[in-house]
Amino acid sequence: MEININASPDNGSISVIEVEGRMDALSVGEFEEKVIPQCSVDGITGYVIDFSKLIYISSAGLRAILKVAKLCKEQGRKVAICNLAPEVHEVFKISGFDLIITVCENLDSAKTAVA
Amino acid sequence: MISIKLPAKIEQLETINEKLKDYLTGNLEPLLMKTQLVVEELLANICNYAYDGKGGNAEFSCGVVTFDGEPYIRISFIDSGKPFNPFKEERNPHTEDAVDIRPIGGLGIHFVKNMSNHYIYSRIKDCNVVDIFIEAKGYCEK
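Chains as they are written, first to last, in the working numbering: chain V, 1 to 115; chain R, 1001 to 1142.
Treat the hints with caution; some may be incorrect.
As the list claims (entries may be wrong) - Using 16 Å as the maximum straight-line C-alpha spacing, the simulated EDC-like pairs for lysine to aspartate or glutamate come out as follows:
(1) V:Lys78 / R:Asp1100
(2) V:Lys70 / R:Asp1100
(3) R:Lys1088 / R:Asp1131
(4) V:Lys67 / R:Asp1100
If you're looking for bench data, these hints aren't it; they were derived computationally from the structure.
This structure is a prediction, so every number in the text was calculated from the model and none was measured.
Only chain V is shown next, with the shape it has when bound in the complex:
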């Protein structure tokens, strides 16, 4: 799994987190290690998790997403997820995550949602 975190000035107070590959029981530790500390970075008010290059997610991956969403909510920060592949979107629907986390079609709409 590759994770690319982009909190450049171009994005203002929004941090864009690109996740590539698989979020499963083997790789989810890396996601938590890199992304959870980002949830308390000063000056960031919204997070977009871009899944355009994510090909697989399991319950282990969703647990990590839920941890991030809970942390952000506690701190009054917004989270949106975008660009889900159909198979990944199906997992979100079955879990009900599409109802509790903002899911957007593309990066621009996700940035607008957390602005």
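Once you've looked at the hints, dock chain R against the given chain V.
Structure of chain R alone, referenced to chain V:
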């Protein structure tokens, strides 16, 4: 058909996924992710609950079978851990709870049930036997 005996450790997922990738090719490839998801959740369940994280062995097999005249991918896990019916012991996945109150966890077997067409648990000769069937109609034509 895939048939392997392995330590019941989540690290074995990599080996299993490679074998599934090699097996579910061509017309069956669209079923790869669903199959891998079911397999990961079942393996995690065996590691965490049947053996209480203490380790043991498991037998895994996967193949295309005909059931009531229709093709299915059959996934089977056998372990010698304590009696554990994952379909009976399922925790409430709380799929309608809001972010702040939703518990972390409980989704694995919920996925297995929703991604498969049939699921069966048996306790045979001191072993837990789980069989999962995923419909493959439309994916098996040559």
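Hints, verified against the model:
no. : hint                  : in the structure
1   : V:Lys78 / R:Asp1100   : holds (13 Å)
2   : V:Lys70 / R:Asp1100   : holds (6 Å)
3   : R:Lys1088 / R:Asp1131 : holds (14 Å)
4   : V:Lys67 / R:Asp1100   : holds (10 Å)
In summary, the structure agrees with every hint in the numbered list given earlier.
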